[in-house]
Amino acid sequence: MSVTKHVISVTVRDEPGVLLRIASLFARRAFNIESLSVAQSETPGISRTTFVVSGDSHTVEQVQKQLQKLVDVLKVIDHTETAFVDRELMLIKVAIARPEDRVEIRQIAQDFRARIVDVARRSLVFELTGDEGKMDAFVDQMREFGIVELIRTGRVALPRSGDATDRTEIYHSQEAVPGTQ
Amino acid sequence: MTGAEIVIRMLERHRVDVVFGHPGGAIMPIYDAIYDADLRHVLVRHEQAGAHAADAYYRASGRPGVVMATSGPGATNLVTGLATAMMDSSAMVAITGNVPTSLIGTDAFQEADVYGITGPVTKHNFLVKRIEDLPRVINEAFHIATTGRPGPVLIDIPKDVQQASWDVDLDAIDASVDLPGYRPTVTGHAGQIRKAAEAIRNAKKPIMMVGGGGQIADQEVMAFAEKTGIPVITTLMGIGAYPAGADQALGMPGMHGTVTSNRAITHCDLIVGAGLRFDDRVTGKISRFAPNATVVHIDIDPAEISKLVKAHVPVVGDLRDVLPRLSDELGRLDIADWWETLNDWKSRYPERYKTDKPLVTQEVIEMLREKMGPDTIVTTEVGQHQMFAARLFPTSKPRTWVSSGGLGTMGFGLPAAIGAAFAQPGKPVVCIAGDGSVQMNIQELATIAKHRLPIILAITNNGVLGMVRQWQELFHAQRYSEIMLADSNPDFAKLAEAYGIEGHNVFDRDQANALLPEVIARGGPAVINFVVYESEKVYPMVPSGAGVDEMLIGDQEPDEVQA
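Heads up: the sequence lines are chains A and B, in that order. Its first residue numbered 1, the first sequence is counted upward by one per residue in the numbering used here. Its first residue numbered 182, the second sequence is counted upward by one per residue in the numbering used here.
A portion of the hints provided could be inaccurate.
Each computed SDA-like pair below joins lysine to any residue, with the alpha-carbon atoms no more than 20 Å apart [as the list claims (entries may be wrong)]: (1) A:Lys75 - B:Val358; (2) B:Lys491 - A:Gly55; (3) B:Lys631 - B:Ala380; (4) B:Lys578 - B:Gly243; (5) B:Lys310 - A:Gly17.
Derived list of chain B stretches under chain A, where covered just means 3 residues or more per stretch with a C-beta under 8 Å from a C-beta of chain A [as the list claims (entries may be wrong)]: (6) 301-309; (7) 357-368.
What the hints contain is simulated information worked out from the structure, not anything from laboratory work. The beta-carbon is built from N, C-alpha and C at its ideal position, and this holds for glycine as well.
With the hints as extra help, turn the sequences into a complete structure.
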């Protein structure tokens, strides 16, 4: 079976320890998380988390079913099976080794629509949002100047409007069983 | 009302009649409330035993078992019991005290991260930080434990929450449970049931495999089997869900399953899997498991569908809903040829063992079955004796077979006998044990003595860790590493007597035959230590990693083949 990346978002009740539960489920079932982000959703008391996991379709289906079993998990969506938008945010501190680098770095940053959020004599901090490919490309470009440090949020995702197929429905259409535990 | 009183009142509202447990510092307020409550508390001598007793209470009655323990070591001692209950889908509610909320996270005396530790071994767990949450949490805990696929739920209650006071009328609190993320599917999908019926109708060589889920659906299993005439295999967890002695019963499948069951799996063209999870001890090597079969898998847990064995026709739902509806679409199956094959295997491979040597475990177990009667509840420890018991003393009624299947927990059987005795007062209970595993919770003889429980503890004592010995003999070149018990076993009869329980050491079959009826007539408690032949092996055996078609038949071969 082929290994592909899946972007999975999980809507959870904001109970203490819910993240622990999800993380421990991934660890116990030996599922690998590539990235993870968590934040409040539009509804108070409900958080939305986005995972990127890679695995074959059987593994990823098991991930989803096991997540769905958790009492605090309300909804599991595999975005890979539907149209979705995803973004990532990065903060990256780039070294200014020679004064003439500054201009070139700023030029590249402009091409990437990166915003400068901190300016110092020997470094610049940029903020960049976009998809994973754009992030990677910018990091590659900055490498020759020297990256002091960087942080990325990991991907967050939402289904595109009118095309929101939730995991429960997908599960039904594949296996024709109503409702999941 | 204090938090502790709320706990007790809520347990009473859930009609809990007995609680197993052990007090300690962080749960003192709850034990203070127990002091003058109607609730019956059974003091175990180790929290692990309390958890197993609560688990077995559910298995023997269908009512959730309750166990209590203090923080730190009390709670961590529950972990094996919770994991055992989780693996075998047993409904229990564990209540632990914890250090006061102000001390949580400070490495306080007897503090452990119980919420974190028990998460992976419970269906759900709670840490209650406010007294106002207690009634809701307790309602949710019982709801989660007993519905859908049953399982253990733990409620961790810091001491200050137990001590807090709240002016509350519990009658006025809404008892309904609102858990939007938890909605078990009970009703099977009509289209899937139709597909399943069609597949079953077309099968020439079908079998039904019943697992632990069958314990609550024995009548539906029976009705389905009677109407269709399908051969029925019961897994270790399914023993009792369909009568072992019935004509259509093929026995247990898997690693120590019957020749007939394992051959039927290998040659069948369809499996109706009912409330089982195709554990590796059942399937053997997956790629060799039922290679020609269409698999109809009925289970209440969608995550079990196609987890290990691919289900061609999955039906998520409660067996009590699905099986009758499936029966409705079916008549008697035309499988006379298949039955001819199966009956040929059954007649060639009846249970057999040789008695041309000292007393063997198998005959002890058969004696117990013959002399104790059909109402007996059988609990087992884990090892050779467990497999012999599953094959030679499979019970015929649901909730009468109590054995640790998934986790294979040595030390389960003796406390499980206590739980079963409280769950079914008046019924005889036999715990079939080995001399190894019985020592893992032997302290519970005190609990049995105190309550004069009708338990016969039958130790089949071969002086070694028998199942480990069997593997070492067959697969580790007779290198018997660390299995010797005989050189330092206690005198089990004297040990029993030290606890105030009748005890006997039995060395041969005449003595066994003479003694058993009178001990059974006295009703227990009693400990009978049967000294048995050391190197008996459980056959058939599917070697680890092999297919069920590659079983070693060993002494189950007919005599002419063995000679």
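How the hints compare with the structure:
no.: 1; hint: A:Lys75 - B:Val358; result: holds (19 Å)
no.: 2; hint: B:Lys491 - A:Gly55; result: holds (18 Å)
no.: 3; hint: B:Lys631 - B:Ala380; result: violated (55 Å)
no.: 4; hint: B:Lys578 - B:Gly243; result: holds (13 Å)
no.: 5; hint: B:Lys310 - A:Gly17; result: holds (13 Å)
no.: 6; hint: 301-309; result: holds (count 4)
no.: 7; hint: 357-368; result: holds (count 8)
This entry does not satisfy hint 3, going by the numbered hints stated previously; all others are met.
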